[in-house]
Amino acid sequence: MSERIPAQNLTGDFRSRAAEALADGQLRSNFRVAMDSLMQKRADAFADEQEREGLRELGNHIKARALSRLPDLLEQLEAKLTDNGVQVHWAETTEEANRIVHRIIEQRKGSQVVKGKSMVSEEMEMNDYLAARNIECLESDMGEYIVQLDGEKPSHIIMPAIHKNRFQVARLFHDKLGVDETDDVNELIQIGRRALRQKFLEADVGVSGVNFAIAETGTLLLVENEGNGRMSTTAPPVHIAVTGIEKVVENLRDVVPLLSLLTRSALGQPITTYVNMISGPRQPGELDGPEEVHLVLLDNGRSSAFADAQLRQTLNCIRCGACMNHCPVYTRVGGHTYGEVYPGPIGKIVTPHMVGLHKVPDHPSASSLCGACGEVCPVKIPIPELLQRLRQENVVAPGQSRVKDGGAKFSRSERAVWWGWALLNRSPRLYRWFLWAATRLRKLTPRQLGPWTENHAPPMPAARSLHDLVRDHNKQGGRT
Amino acid sequence: MSARDRILNKLRAGLNGTRPRPDDFDEALVTRPWQYSAQERVTRLRSLMEAVHTEVHPVTMADWPVKVQELLATRNVGNLLYAPETAHGRQLARHWQAVTAGPTLLAYDRPAEDWKDQLFWQVEASLTGTAGGIAATGSLVLWPDRHEPRLMSLLPPLHIALLRASEIRDNLYELMQEQGWASEMPTNLLLVSGPSKTADIEQVLAYGAHGPKELVVLILEDA
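Residue numbers (this note's numbering), protein chains in the order written: chain A, 22 to 501; chain B, 4 to 226.
For the record, the hints were derived by calculation from the structure and aren't laboratory data. For each residue, glycine too, the CB sits at the ideal point set by N, CA and C. Any given hint could turn out to be false.
Unchecked claim - Stretches of chain A that chain B covers, calculated by requiring three or more beta carbons in the stretch to come under 8 angstroms of a beta carbon on chain B: (1) 80 to 86; (2) 111 to 119; (3) 128 to 142; (4) 287 to 295; (5) 355 to 362; (6) 460 to 470; (7) 483 to 493.
Isolated chain B (complex conformation):
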């Protein structure tokens, strides 16, 4: 008999004569305390994220690339990793073409193995989209895919994320129901609620443990 069978047999023996407990999940407990108006959603997400060292800026559909450029300029950032096949990636590239000077744009368009050293040590900033936001906890939802891979939001010291105000939901439960996560989980789904941090030494907060030291959220005011 395999380890698997022995473990399952032991567990089944332990349940002998018992019945499964009913599913009494009460969704009110995870939704009712976390409900907001459209305006509150943005302010709550913003204040929670700012409380953990995130920079938040309201932007418009037309001018957000200018904001990106400005953020990079004030930080003296030399390059920016972007996803060329996404809509926001294309808009960014168009803007970059129009303004000649500026940090180098790096397209994430080949397997990580082909340029791991550069990705790990030389990329200074990245821009990604998001699949929504959560007001209750001040979180971004990232749904990495072949166009916008996982490491983009992890390796560079500065991560800039675009979030549509209209895609901020009250709480995690509502968002996962609305987007139907349970029926189509991607290989990797992420909630990001600030820059990387640690309090492992004397509980003193330090940012930039392994992931980005800085997280900037651009809220597209489309709501």
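The following block holds chain A by itself, in its conformation from the complex:
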């Protein structure tokens, strides 16, 4: 069968990368094993279906409520944080956000930055931006560190280095850090610990993401297992948190269910090792903690998604990664195939607002619409429904789309075919004529029908239509 997949005929980046990934046995097995285990852990953590569904609905309502008051809550968050001594910055684009971060580092004459895990900083490509300005920006999450050492991007939002196995990491550490090659995972982690601890000690600035920003109290909540988030936000003299504007929630109590949904959906843990709630810089008399805390609020297309009531639901996302863990496409092609910061089902519905749909036209169709992503989403984002919406936005006439740079797949001939099909089905006479012609001239059906016939036998109308068969059946007395 495989020789019937002619790789040279595949078009577009997503397709060619997918073909490569599918042919990579090691990659496929790394993902298969990891996703199976993550699915099982989540299922075990939500053993009681009624409890789970009640919590998901509550999670959805909390996010919907926050979004229904988003501008007010952002202002409240800013006011509270400012009262607490945190400096708040706003950025419409990733370029602006990078400039803000760079300016803060410059003011402290900093040259070394250590970063806890942050997907928004990936969106900003902060590492590259700062490196170009002679500032070292080092990842400190073990997975992110491995990926950065190898000059790669994360392939999963929770498990950045899940595409690698221990032997690949061992070789990488040996090549880049000059240590003896060991395939003992504990030893590998200790190598990382030692290298990064010195960096935490020396760093001028620590950067982190935010899981929930609480408007009521002016608190930035951060979950993690490693302690690198605590290190990045406690050890260096300056802490800069970067986050998307959708991360704000109204009340402190709102994070109780969201936290439970997040850690159970992501890793099957009742809670992460550390839940870090930061409400201000070091106070007079305190002996550690950063002297300055900054929050950078990034838009980067989020307000455009927000403008459409249906697409707004993408902003419910709490970045747990459960949708990718359960996605049959993601599991097979891996995170890098998507070519963007956010892979998998959630990536498909958030990325178009950030980079434009024309840049990722194949993403909405790289789905079987099996519905698993929507079923497991802890805040009930109807991902399959949004994928269908994006498929439509892909084919509307350019300029008519409500999504940034939609309409890339608009085709006049496809429009004409559908127009003809609609006409045929509205006129009984035309329809009968078509049936007559299709059954008589069926041998004339083309043998090549685009990509379909690359992997399937060409379709051919039957010699007799269903109408004909029914008529005959009734003539014979209608017996079965």
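Use these hints to put chain B onto chain A, whose structure you have.
Just chain B, lined up with the frame of chain A:
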């Protein structure tokens, strides 16, 4: 117009003609599945924490410093970081004075900058108090302050935490309501539910990623 105003204007335009959704937070959903008797609270917290590699020991108000000493001795630990201005810190220091030999006590009594190298590389263990525990998730609540700073529970490879059994609550919601967090959040509030860990390589669990490799919880049986 600033970036701030442009973002807020765009968001407001998107909400045109809509009303805020009601606050229908149902606290039963986050409390009812997580309720226990006093005895269950301790056993649940203990079993959840032990499941993630935490050592838990019941102790009494009078003898816990002896337990600390014993824990350090079996591990051959050379020094212990403590908070001299706290009640438990004073009790520990008194005990240490009474028994002459033992690991060196290091008081966290000056800004981290003054001894960062030592804090990062040489401190082998620490002892802190807690502001409570959570049975539902097996968590400790840490409320670092000027007397017991943040890095104490993060830098040393061994962290020993004192938890009063009477301060363990059923779930996070109940604890945050009872302690009135929403009206007085400290600069840093922490939930700690085990030693530092990672599963970033092949999902294999490894402890001691960046924080403590070992967490020992001493439960003061005062309930």
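Let me make sure I understand: some of the numbered hints might not hold for this structure. Which ones are they, in numerical order? Hint check: 3, 5, 6, 7 fail, others pass.
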